[in-house]
Amino acid sequence: MKRVYPIEEYCIGCRLCEVACAVSHSKSGDIVRAYKEEGACPRNLVEESGAVSFCLSCRHCDTPQCAAACISGALRKDASGRVIYDEARCVGCWSCIMACPHGGIRQDVVRMKIIKCDLCPDRDVPACVAACPNRALKFEERP
Amino acid sequence: MLYQPLEAAYYDFEIARDPARCIQCRVCERQCSYGAHVFDEALGEVRSLSAKCVGCHRCEAFCPTGAIRIQRHESDFRDNALWSPQYLKNIYKQGSTGGVLLTGMGNSQPYPVYWDHMLLDASQVTNPSIDPLREPMELRTFLGCKPDALQFDEGGRLITRLTPQIPIAYPILFSGMSYGSINLRVHQGLARAAKELGILYNTGEGGLHASLWDYGANTIVQVASGRFGVHAGYLKVARAIEIKVGQGAKPGIGGHLPGEKVSAQISVTRMIPEGTDALSPAPHHDIYSIEDLRQLIYALKEASDYQVPVSVKIAAVHNSAAIASGMVRAGADIIVLDGFRGGTGAAPTMIRDNVGIPIELALAAVDERLRQEGIRNQVSVLAAGGIRCSADVVKAIALGADACYIATAALISLGCTVCQRCYTGKCPWGIATNDPYLSKRINPEIAAERLTNLVRAWGHEIAEMMGGMGINAIESLRGNREKLRGVGLNEIELDTLGIKAAGK
Amino acid sequence: MYVIVGGGVAAVGAIEGIRSRDARTPITVISKEKYLVYGRPLIVEVLKGERTADEIRYREPSFYDDMKVKVMLGVEARRINTAAKSVELASGESLPYKRCLIATGGVPFIPPTEGLDGSDVYTFTTLDDAERLSAAAPDIGRAVVIGGGLIGLKVAEGLHARGVPVTIVELAPRILSAAFDDVAGKMILARLQEVGLQVFCGCSVAAVLRSPQGRVRAVRLSDGREVECGAVVAAIGVAPDKQLAAQSGIKVNRGVVVDHYLRTSAADVYAAGDVAEAYDISIKANRVVPIWPNAYQQGYTAGRNMAGARARYAGGLPMNSIAFYGISTISAGVTNPANGGYQVLDQIEAERNRYRKLVFKRGRLVGYVLVGEVARAGLLTGLIREGVDVASFKEKLLSGRLSYLDLPEGLRRERLS
Chain A
125 MKRVYPIEEY
135 CIGCRLCEVA
145 CAVSHSKSGD
155 IVRAYKEEGA
165 CPRNLVEESG
175 AVSFCLSCRH
185 CDTPQCAAAC
195 ISGALRKDAS
205 GRVIYDEARC
215 VGCWSCIMAC
225 PHGGIRQDVV
235 RMKIIKCDLC
245 PDRDVPACVA
255 ACPNRALKFE
265 ERP
Chain B
1186 MLYQPLEAAY
1196 YDFEIARDPA
1206 RCIQCRVCER
1216 QCSYGAHVFD
1226 EALGEVRSLS
1236 AKCVGCHRCE
1246 AFCPTGAIRI
1256 QRHESDFRDN
1266 ALWSPQYLKN
1276 IYKQGSTGGV
1286 LLTGMGNSQP
1296 YPVYWDHMLL
1306 DASQVTNPSI
1316 DPLREPMELR
1326 TFLGCKPDAL
1336 QFDEGGRLIT
1346 RLTPQIPIAY
1356 PILFSGMSYG
1366 SINLRVHQGL
1376 ARAAKELGIL
1386 YNTGEGGLHA
1396 SLWDYGANTI
1406 VQVASGRFGV
1416 HAGYLKVARA
1426 IEIKVGQGAK
1436 PGIGGHLPGE
1446 KVSAQISVTR
1456 MIPEGTDALS
1466 PAPHHDIYSI
1476 EDLRQLIYAL
1486 KEASDYQVPV
1496 SVKIAAVHNS
1506 AAIASGMVRA
1516 GADIIVLDGF
1526 RGGTGAAPTM
1536 IRDNVGIPIE
1546 LALAAVDERL
1556 RQEGIRNQVS
1566 VLAAGGIRCS
1576 ADVVKAIALG
1586 ADACYIATAA
1596 LISLGCTVCQ
1606 RCYTGKCPWG
1616 IATNDPYLSK
1626 RINPEIAAER
1636 LTNLVRAWGH
1646 EIAEMMGGMG
1656 INAIESLRGN
1666 REKLRGVGLN
1676 EIELDTLGIK
1686 AAGK
Chain C
43 MYVIVGGGVA
53 AVGAIEGIRS
63 RDARTPITVI
73 SKEKYLVYGR
83 PLIVEVLKGE
93 RTADEIRYRE
103 PSFYDDMKVK
113 VMLGVEARRI
123 NTAAKSVELA
133 SGESLPYKRC
143 LIATGGVPFI
153 PPTEGLDGSD
163 VYTFTTLDDA
173 ERLSAAAPDI
183 GRAVVIGGGL
193 IGLKVAEGLH
203 ARGVPVTIVE
213 LAPRILSAAF
223 DDVAGKMILA
233 RLQEVGLQVF
243 CGCSVAAVLR
253 SPQGRVRAVR
263 LSDGREVECG
273 AVVAAIGVAP
283 DKQLAAQSGI
293 KVNRGVVVDH
303 YLRTSAADVY
313 AAGDVAEAYD
323 ISIKANRVVP
333 IWPNAYQQGY
343 TAGRNMAGAR
353 ARYAGGLPMN
363 SIAFYGISTI
373 SAGVTNPANG
383 GYQVLDQIEA
393 ERNRYRKLVF
403 KRGRLVGYVL
413 VGEVARAGLL
423 TGLIREGVDV
433 ASFKEKLLSG
443 RLSYLDLPEG
453 LRRERLS
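Protein chains in written order, with our numbering: chain A, 125 to 267; chain B, 1186 to 1689; chain C, 43 to 459.
Some clues are possibly wrong.
Per label pair, the in silico range of CB-to-CB distance [as the list claims (entries may be wrong)]: (1) B:A1201 x A:G174: 30 to 40 Å; (2) B:P1458 x A:D246: 50 to 60 Å; (3) A:D246 x C:G134: 49 to 59 Å; (4) B:P1332 x A:G174: 54 to 64 Å; (5) C:E451 x B:P1458: 25 to 35 Å; (6) A:G174 x B:P1458: 20 to 30 Å.
Here are the simulated SDA-like cross-link-like pairs (lysine to any residue), alpha carbons at most 25 Å apart as the crow flies [what the hints assert, rightly or not]: (7) C:K436 x A:P225; (8) B:K1278 x B:L1464; (9) A:K126 x C:R455.
Covered by chain A, according to a simulated footprint, are these stretches of chain B (three or more residues, beta-carbon under 8 Å) [unchecked claim]: (10) 1203-1212; (11) 1267-1281; (12) 1605-1614.
Bear in mind the hints are in silico, worked out from the structure with no lab data behind them. Nothing here was measured: the structure is a model prediction, and the numbers come from that model. Cβ atoms here follow ideal geometry from the backbone N, Cα and C, with glycine treated the same way.
Let's have the full structure, built from the sequences with the hints guiding it.
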């Protein structure tokens, strides 16, 4: 299964990956409206410390701790291997946030639900990977 | 402006931000290395400090909504044909600092650009065009000293011993940009692109980083007056050795890498202490006459076992022709003429903008003189200094060059906007900086791709222009002044260039 | 055939674990309850009237068909005949098994309090409990909840939402005595009182007082005070439902004893979930840790092993994520270090209801309590699980601005590739 892997050596900390993620998951799909009206929220997070930075998103683990912790059954691993979640079932208990060792799940405190990378199922290449200006994200399968 | 010194009172650029499009994503703030964008926590928005803008356009290029435009915003002083605003601002600055004005890249002043006064011929009716999509087009050429005559034995085998020749697939090479003025990642891109294209890149005077020795077959190592990074291994790994006597951006003075840009890695490669200014002296202190040059050329040939051509690079100055003649007779296999538009990482503004002559004139003069003296075949002549496009390359070859060196154009392909702030070490495009955070902005893979694309593109265009003239080999274009016509040039200029006026 | 006794989350984990290796062999699930698996922690939503039973399902009904699982609802298992390898049901029927899993969960602990026998007394661990209490709520004048732990506070919240005045009686000097420490306990107590819940700590219910008609009319506390009420909810705790195992001659301690592969003392019989006493990373010994993620993971590992794998259970951790009237909290591992050998770093912002407490032992994080700000708590959980040496960035952990880049570079790169 292909995942998004960050390349620290090329990440410049610009966070355009976050912008792309937020826009591609917005209702309008329009960058200005997504940010100004919808309160766009990216599923990924650029970690930065000094000259080192990289984009962190859900690792879609083989044995997802988040799915084990989810009390409503919202988080599951689907047939393709992606860890997906049913927003309607999410009760905002944050158990998955407690369990994810990567800190890859975010709270949407307004709607009291989680948000998490879904590997952009409707795109050939995830939005973050396509948007990176320096090829610091790779979408590939690794053993 | 409130509480600012005089020289900061009048600034050159305005950062125009469209509030309807700005989404406060802060990409501009993060990408600007001059602090011209600041996020105001209290207001919850990004504010722009136009006084700090140097016109590098990094923010504009990265803004995901295109909300930013960098615009000229000079205060209007009373019209004065002599005292243009730039002179005033320079004086304000020097009144404060008492220092030499520094700048980067090449001469930006409005001297004539002779490339724009020359036009190329094309075939019509007689001597039909050649279609580069159907016919072979020979862009390849060979750099090195050519013999006066070739002798063959009865069996048709060559008897004459040839000095080392370097085939290059395009008449374009990457000129010297020192490791230190630009960073290792750009060098990696240059080296990889040179290999991919079948051409060469020049290390510049900063030495050769150990990780690039594998690209030796595509490398010209430079021996400049500071002798940074010069040791036996360095000379042996290369395809050619270039003695840098001068460069077009600052004829008569040596190179200058400000201490801020001398990082640990630079220090190791250049063999100097970290953080110290790397000053190359003006003359090579072992070249005080043409005989000394000959001695150094042969010392380098000895050190490299005569395996590689030795090149000598000079800035285009008055008497370039006579100097060139001496260089040829001193044993150089390649000579490089660097015109006054040549770029640099750091030079005193006065020198960059007032010293040297245009490459077009120098090239024509040198080619003519060497032909008159019957020694033109003994060197390959490389033209450098502000070659902007493939048409400039074709014109340069027609004027007499064997090939062109490009450097500024190469950096522009990586994003450079010629903001001329290279000497600060804050290049936000990650090119002219060794700051580890900024350097990451150059991905060597992307750099190599863009450089390769650039030269390939120019190659296609050169083939088209040559084909249009009915020529199918660089050899037939070289020195072929008949293919050029001048427009808007006076008689002396036409004569120096050795070309006819259009219509004649 | 695989037989799973119990139809909760551990059973689901086991089904998914088995099916990851064995797509064919039939599975039968025997459940005492009459509902298909639901999110047990969500029964409070049913009490509140915010969700129906259907809306708290943990898996869709089609799950069982898709996984080729036969479910027997409302059926009780009497004994496991370990010699004959069959599960004997209360009905007399016998189910032969290739491998069997005991996932019977827990039963609420009912104290032997005087007067507790009779009407108007409730527990709160099953959907049935929630439906019962929900039906009775409109007629309850005041409810006394015995126990100020997680279940007690949740049922109190549920009743309060239905307009029922609530009094919580907790034996320990603070509520949430197991999961939280004094500081966190106090913060939440203040919030509960602010909302209008009445809380008595440091005392217990000595007796339940009934009317002549036998209805609950009040409780008498250990300090002599009386609290008028119309219902009592026993929410002291949950004990492993180990009767089945005990009666089958399988080794039990506090719970059903299992090894690192979740095998019980009987061949081909496994145990998982709230009933099992499996490896607990925080004390490096076996313990019953009745926590949802542990139940699922134990079930999953047991399932894989039942289908022929040799997967070691990675170990569980006590951990809880629970919010109280707008204050989020997450805690995990050792939160109340008892003896010496632990270092504690904490940060309290009482006015903002924010608290961060980190517990270290020998340079490693072993527990934490977060109140108010819980973002990326899992980073801490991961550090506890993997026993990472955090001595060099302890302060950073405390600041709440922990980033992935603070982890040792080797660990970070390994995890990301």
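Status of each hint after checking the structure:
1. B:A1201 x A:G174: 30 to 40 Å: Since the Cβ atoms of B:A1201 and A:G174 sit about 32 Å apart, the hinted range of 30 to 40 Å holds.
2. B:P1458 x A:D246: 50 to 60 Å: holds, 56 Å
3. A:D246 x C:G134: 49 to 59 Å: The hint (49 to 59 Å, Cβ to Cβ) holds, given that A:D246 and C:G134 are roughly 55 Å apart.
4. B:P1332 x A:G174: 54 to 64 Å: holds, 58 Å
5. C:E451 x B:P1458: 25 to 35 Å: Since the Cβ atoms of C:E451 and B:P1458 sit about 29 Å apart, the hinted range of 25 to 35 Å holds.
6. A:G174 x B:P1458: 20 to 30 Å: holds, 24 Å
7. C:K436 x A:P225: At roughly 17 Å apart (the allowed maximum being 25 Å), A:P225 and C:K436 satisfy the hint.
8. B:K1278 x B:L1464: Cα-Cα ~23 Å, so holds.
9. A:K126 x C:R455: holds, 18 Å
10. 1203-1212: With 7 residues close enough to chain A, the hint holds.
11. 1267-1281: violated (count 0)
12. 1605-1614: violated (count 0)
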